[in-house]
Amino acid sequence: AAEAKLPKPMTFLGGLGAGLFSVLTTSPFDVVKTRMQSTEASRYKSTMDCFYQIFTLEGPLAFFNGAIARSARVVPGQGIIFVSVDVFYDLIAGFVGKKQ
3 AAEAKLPKPM TFLGGLGAGL FSVLTTSPFD VVKTRMQSTE ASRYKSTMDC FYQIFTLEGP
63 LAFFNGAIAR SARVVPGQGI IFVSVDVFYD LIAGFVGKKQ
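All you need for the numbering used here is the position in the sequence shown, starting with 1, plus 2.
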């Protein structure tokens with residue numbers, strides 16, 4: 003069966019999308035982790051209490067504090083990684099005689 007291969011710009015866009023998805027889904031956990039590691043961590047009884055206090059006192063959008071800064075690093079990085087992996091697969095396939 004023939005395998006379809008995405009053009010490099012589409013692979014890059016796929017990586018950008020994966021990076022954005024990663025930031026959006028992990029940001030709440032990153033915010034809680036950072037709060038629990040801070041000097042004011044003693045104000046929380048537990049990790050769940052930290053989640054609860056952020057949600058009730060600051061609102062759900064507080065879980066995305068810093069998400070834009072993380073996106074500026076993670077999103078382009080994932081695009082570059084996706085394309086790099088694609089290029090390396092092409093190089094390896096060329097060395098073993100398999101054209102993709």
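Possibly wrong hints are sitting among the right ones.
Derived Cβ-Cβ restraints for the label pairs, each shown as a range [claimed, not checked]: (1) L8 with S40: 30 to 36 Å; (2) P78 with R45: 33 to 39 Å; (3) V89 with A43: 16 to 22 Å; (4) F97 with R75: 44 to 50 Å; (5) F97 with L63: 26 to 32 Å; (6) K35 with I82: 21 to 27 Å.
Everything labelled a hint here was simulated from the structure, so no lab data went into it.
Cβ atoms here follow ideal geometry from the backbone N, Cα and C, with glycine treated the same way.
We went through each hint and held it up to the structure:
1. L8 with S40: 30 to 36 Å: violated, 42 Å
2. P78 with R45: 33 to 39 Å: With a Cβ separation near 35 Å, P78 and R45 satisfy 33 to 39 Å, so the hint holds.
3. V89 with A43: 16 to 22 Å: violated, 43 Å
4. F97 with R75: 44 to 50 Å: Between F97 and R75, where Cβ atoms are some 33 Å apart, the hint is violated.
5. F97 with L63: 26 to 32 Å: violated, 50 Å
6. K35 with I82: 21 to 27 Å: At roughly 25 Å between Cβ atoms, I82 and K35 fall inside 21 to 27 Å, so the hint holds.
In this structure, the hints that do not hold are numbers 1, 3, 4 and 5, in rising order.
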